[in-house]
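Student: Protein chains in written order, with my numbering: chain A, 1 to 181; chain B, 1001 to 1195.
Hints were generated in silico from the structure; no laboratory data involved. Note that CB positions come from ideal geometry on N, CA and C, so glycine has one too. Warning: the hint list may mix true and false statements.
On the chain B side, residues computed to face chain A include the following (Cβ under 8 Å) [said to hold, decoys possible]: (1) Ala-1015; (2) Ser-1023; (3) Ser-1025; (4) Phe-1033; (5) Ala-1058; (6) Arg-1060; (7) Ala-1061; (8) Ala-1071; (9) Gly-1073; (10) Asn-1128; (11) Asp-1170.
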Amino acid sequence: MRSALFAILVGLVGAALLHIVIILALPQFTGKDAYSRVLGLYEMDSFFPLTSEPGPTGLANDDPFLRVAVCGFSVDAGPARFVAKGAVPFWSLAIYDANSNEIFSMNDHTAVNGNLDLVMATPIQLVDLRKTPPASLAQSIMVAMPGEEGYAVLRALAPTDSYEETVRNFLAESSCEPFRR
Amino acid sequence: MFRIPLLVALALSVAFGVGIVSSVSALKATVGFGAIALGPWVAFPEAQTENTDPYAKAHRARAGKLLYGGAEGLQFTAAMDSNGQKLSSDCSYDISGITPPARFWTLYATHANDQPMKIAPDLPAATNAWTVLRQPYSSFVIHVSPVAQPDNWLAIRRSGAFKLVLTLLDTPTAGSSGLIDLAMPAIVKTGCPNA
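All chains should be built: construct the whole structure from the sequences, respecting the hints.
Tutor: Now the structure itself:
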């Protein structure tokens, strides 16, 4: 009897250890985290507008008034540049790394002239860009990217149905491209 | 003769059974630590950051949702009314009051598992800061009900428990140091027609 109790006690200690291991290791192998889903769209270097119905990877416009576009990008070969222009009532952009940690986020009020113009680069590329700033980046916001890969989420607000077309055009004309001088 | 293997099997089954069940239920129960609760509304302003706790990281990796960045907005969910009772889609509720300062807000209902409710497209399944009808001093009353209501009506489907999602866009609420008095609208049950 005592040995059975001892076995259960050992089992509970093991359960606590296993609980910690599962919680800590889970982000590495779920396979359905946001970054894997963005990669599953097979659309690198361009904003992919999501639909209201969950697509093949399960990403969708959750909020009925926000239209969302996602873009997987890498700064391995060079900086990535995000540009969007248009008169929508509200837009916001968030940059996440491959572990879905937020690196940077902004909205139209924190942008220059209300237009999105952002360059994500590794610290070394950033030094290079600051030493000889290209004229086309005079108004750009430059942010250092700690890792190499990540994804961007661009949201635009359509408060009523009449904004639908404006917002769709805003997302369709937004770009997420490798920057070359 | 089989005592030792039996005890080892017992210890292992307890370890794996309890370990796995406790992990899954912990991830289902909450998004993690670091919640801010304003009345029945709960938000996780740090859930998308590097500094968040391991539970929140595991939860967001499992849910795979696109979270809101700090400058984008803050999403509040309510699974209970202001009296602490679970929201049931057989009942009608009144959401009344004002939201904390934000440039815009949206409100919609989801099922208890965070999946959006499928509601006929001609019914008002969501409302926002522009379309809501306001009272003097800009407060509002929204009737959440499975049956049609006058004024602001948020249609839901009869499908057991549900949640309300209020997203504040471009809001200082997350970084609030308590200097601003944050008031979220109250959720009050007004009746259960069929219960």
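Student: Determine for every hint whether it applies to the structure shown.
Tutor: Checked hints:
Satisfaction of the interface hint for B:Ala-1015 is found here, the shortest Cβ-Cβ separation to chain A being roughly 3 Å, below the 8 Å cut-off. Here the hint on B:Ser-1023 is kept, as its CB sits about 4 Å from the closest CB of chain A, short of 8 Å. For B:Ser-1025, the interface hint is violated, since its Cβ never comes within 8 Å of a Cβ in chain A; the closest pair sits about 10 Å apart. With its C-beta approaching chain A no nearer than about 12 Å, B:Phe-1033 sits outside the 8 Å limit, and its interface hint is violated.
Below 8 Å, beta-carbon pairs count as interface contacts, and B:Ala-1058 has one with chain A at about 4 Å; its hint therefore holds. Given hint, B:Arg-1060 at the interface with chain A, holds; its Cβ is 6 Å from that chain's nearest Cβ, closer than 8 Å. Checking B:Ala-1061 against chain A: minimum C-beta separation of about 4 Å stays under 8 Å; hint holds. Taking 8 Å as the C-beta cut-off, the interface hint given for B:Ala-1071 holds, the closest approach to chain A being about 4 Å.
At its closest, the beta carbon of B:Gly-1073 sits 7 Å from a beta carbon of chain A; the interface hint therefore holds under the 8 Å criterion. For B:Asn-1128, the interface hint holds, since its Cβ comes within 8 Å of a Cβ in chain A; the closest pair sits about 5 Å apart. At a threshold of 8 Å, the smallest CB-CB gap from B:Asp-1170 to chain A is about 5 Å, leaving the interface hint in force.
Comparing the model with each earlier hint shows violations of hints 3 and 4; every other hint is respected.
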